[in-house]
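J.: With chain F's structure known, arrange chain G on it following the hints.
From first to last, the protein sequence lines stand for chains F and G.
Numbering-wise (the working numbering), the first sequence opens with residue 1 and increments by one.
Numbering-wise (the working numbering), the second sequence opens with residue 1 and increments by one.
Hints are computed from structural coordinates only; laboratory data are not their basis.
Using N, Cα and C, we set each Cβ at its ideal position, and we do this for glycine too.
Hints should not be assumed to be uniformly reliable.
These stretches of chain G come out as covered by chain F in the derived footprint (C-beta under 8 Å, 3 or more residues) [claimed, not checked]:
{"hint": "1", "region": "120–132"}
{"hint": "2", "region": "146–152"}
{"hint": "3", "region": "313–323"}
{"hint": "4", "region": "328–335"}
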Amino acid sequence: MDFYVLSYSAINGIVVGAMLGGIALGLSLIFGVLRIVNFAHGSFLMLAMYIAFWMQHLAGIDPYLSVLIAAPLMFGIGFFVQAYIIAPLIKRERALVVEPISALLLTAGVYIVVDNLALMSFGPNVRSVTSAIESTTVMLGEYPLNTFRLVAAFAALAMALLVSLWLARTDMGRAIRATALNRDAAAMSGINVPFVYNVTFGLGCAMVAVMGCLIAPFIPLTPNVGLSFGIKSFIVVVLGGIGSITGSLLGGVVIGLFESVAAQFVATPTAAIFSLGLFIVILLVRPQGLMGRK
Amino acid sequence: MKTSISPNVGVATGEAVLPPLMPAATNAGLPMKGVVAVLLLGLLLPVVVHDEFILHSLIMVFYFAYLASAWNLMCGYVGQVSFGHSVFSGIGGYVSVLLLTAAGITPWLGMLVGGVLSAVVAVLIGYPTMRLRGPYFALTTIAFAEIIRIWFENTDTIFGIAIKGAEGLSVPLVGTDWTVFQFESKVPYYYIILVMLAIIVGMTAAMERSRLGACLKAIRGDRDAAESLGINPAKYTLMAYALSAFMTALGGSFYAMFIRYINPERNMGVELSIDMALMSIIGGQGTVIGPLVGALFLAPVAELSRTYLGGQLIGLHLVLYGLVLILAVLYLPKGLVHPLMRPWNVCKAGLARTFQLSKPFGGMSTRENLVVGGLVKNNDRRRSEAKADELLDFLGMSALARTDADDLTAFERRKVELGRALSTEPSLLLMDEVVAGATPQEAMIMVGLIKEIRNQGVTVLIIEHVMKVIMGLSDRVIVMHLGELIANGEPSSVVTQPDVLKAYFGGDYVEAGA
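The shape of chain F in the complex, shown without the other chains (with noise of 0.2 Å):
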């Protein structure tokens, strides 16, 4: 095998890998807070391409613009979600035990309704987003690179620190990072637990938003295009370590580079495989992620 193939398809993986980290953030962060398995990550994603979709269609705003708009809504959309939704069954959870599978069956619900409304709403066809930037690569030395993908993968580092300086210096970020540690405590110091899930839940869907506006404009977008990527983001967020923001970013980067040097040794869709495989081990040899504590 050829030094610079490899080379040039390590760092495609890695600026791959950059950005599914970015989308399984807020999947990391509400999984690491309310301890809920989020099935219907991947359609808040495919909702967002679908705003970023018909903001230019109808409208002619540049994809990168609507993220404006897009982050926003979504983040009503995932606070509305958790607040009527998930809010009950915890709740409950509180008075009974209840398996955490019955979260992820909620949330498999609201996949399938988000889904298929969609489906419903905007038909089967594929649909493109086009940028206003012309220029689509960029050379890195003697390395042509996407510039989509690369917005997309320094976006995601971008969005990571400042979740991260958010999350760490602000009072409703260290509310946060309180209650995913004890919630019990948590609500015995005045913490208002209740409203803390909904800004999560709103603020996954918030991140996943604006990782939605930037890759449409090379993802081709259909209303099911969520579900694999939901898949992917779980497999970053059990590799990482759940709840980590650095180890969703070294989980995403880890799965880019696997399937992207898998890919020069056989059919890229068959490269998935690799990182599935390497999902389940990890999950029977170190549960906890690379990045996560016991």
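T.: Showing chain G alone in chain F's frame:
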């Protein structure tokens, strides 16, 4: 534990007849009758229905009921949610199709081969992953199923046999008779899937009562406790997983033969897995008829929207599925069949109760109170009235037959309530605080009545503090103190136990050697 005398310290439970602790079948009778009725009705349907379109829809509904039942064999009873069961239906389908096209082997044999192969795959997947809990197990099953699906989608030949990747295989028409599983009309397919459904429901019912079923339910209830009883969770979980995979593969083979086409997306995709899980969970997983009910409730929605909306509003039925799933998780966590065991059905199964604070129906006469109860077992009002008169006589209340229950004394109200409970012809009668607030004479009357009820063969379970009542009535006494069982046995041996005395009279009394 410090003890003090208070009315709630000792609660003795008396029970009149020892041997039958519970009536044999509290929940099996009623729903199973429904299943048999549905299956019999299904048997006759093709005689009336000739429309191929409707028949096709019915076949699909039964097919989903079958798959949901197969899923339930493992997931419902072990309590682990699998979102990867479609892989077994895919393996079953591919094996039977390939054996038919490549080697001319009849699908009847092919589906069994596919089933065995699926069971082997299930054990290979299950062995390392079984110990993962809840969402982790569910996600792992998705990962395994996706690995196999993606592999199939990107593979053109396996051992030189063409499987044509994502494009899938169509099954050529090789004849129209039983041996090749191909027929001109849809009717034979209809009967095949109906029989398969009957088999899996029967199998689930048999498993419920078997050693395997008992062990699985114990593992689901508490893994550690099950292990402490000598149950090896790995062994039984794998057995259930293999069985479930085997049955799922038979369903997958049927589908491939019926549609005469198979591809990885439709036969192995995550969506199919979720459908199986969804129907089983919504109906009530871990029960015999839950998956059947779930599928009969949901699958027609898909078929109706496909038939009447055609290509429009694709996805509508899935939106409804999703909404039903959300509502079920929030409001019916045990599934649709759970309401079948609501109090009114418990009563029909032969269990009656009285309340500590009597609740006779006010505004109805004493006799009417008893007539209402009698209607549970007799649809005929007249027989119910005759029964009521008999009971009034037994209670010594004939003179009060026309009196409004609101105008009775407290003790008379209690007797009416007892009569009402008896009018449902229970085999087990639960009585809460039977003589609370009664005078000594009234208490003796009540004891006499209860003795007579017991002599007529009804098991009576009483919660009571008054020792005289308990000692006079019980064949077995169970003493609870602050939520803990402190004695259980014959009345004469229980009353001499130090713990019981201590609970009743306080530690000082016992130490004083009284």
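J.: Now look at each hint and say whether the structure bears it out.
T.: Against the structure, the hints:
| no. | hint | in the structure |
| --- | --- | --- |
| 1 | 120–132 | holds (count 3) |
| 2 | 146–152 | holds (count 4) |
| 3 | 313–323 | holds (count 9) |
| 4 | 328–335 | holds (count 3) |
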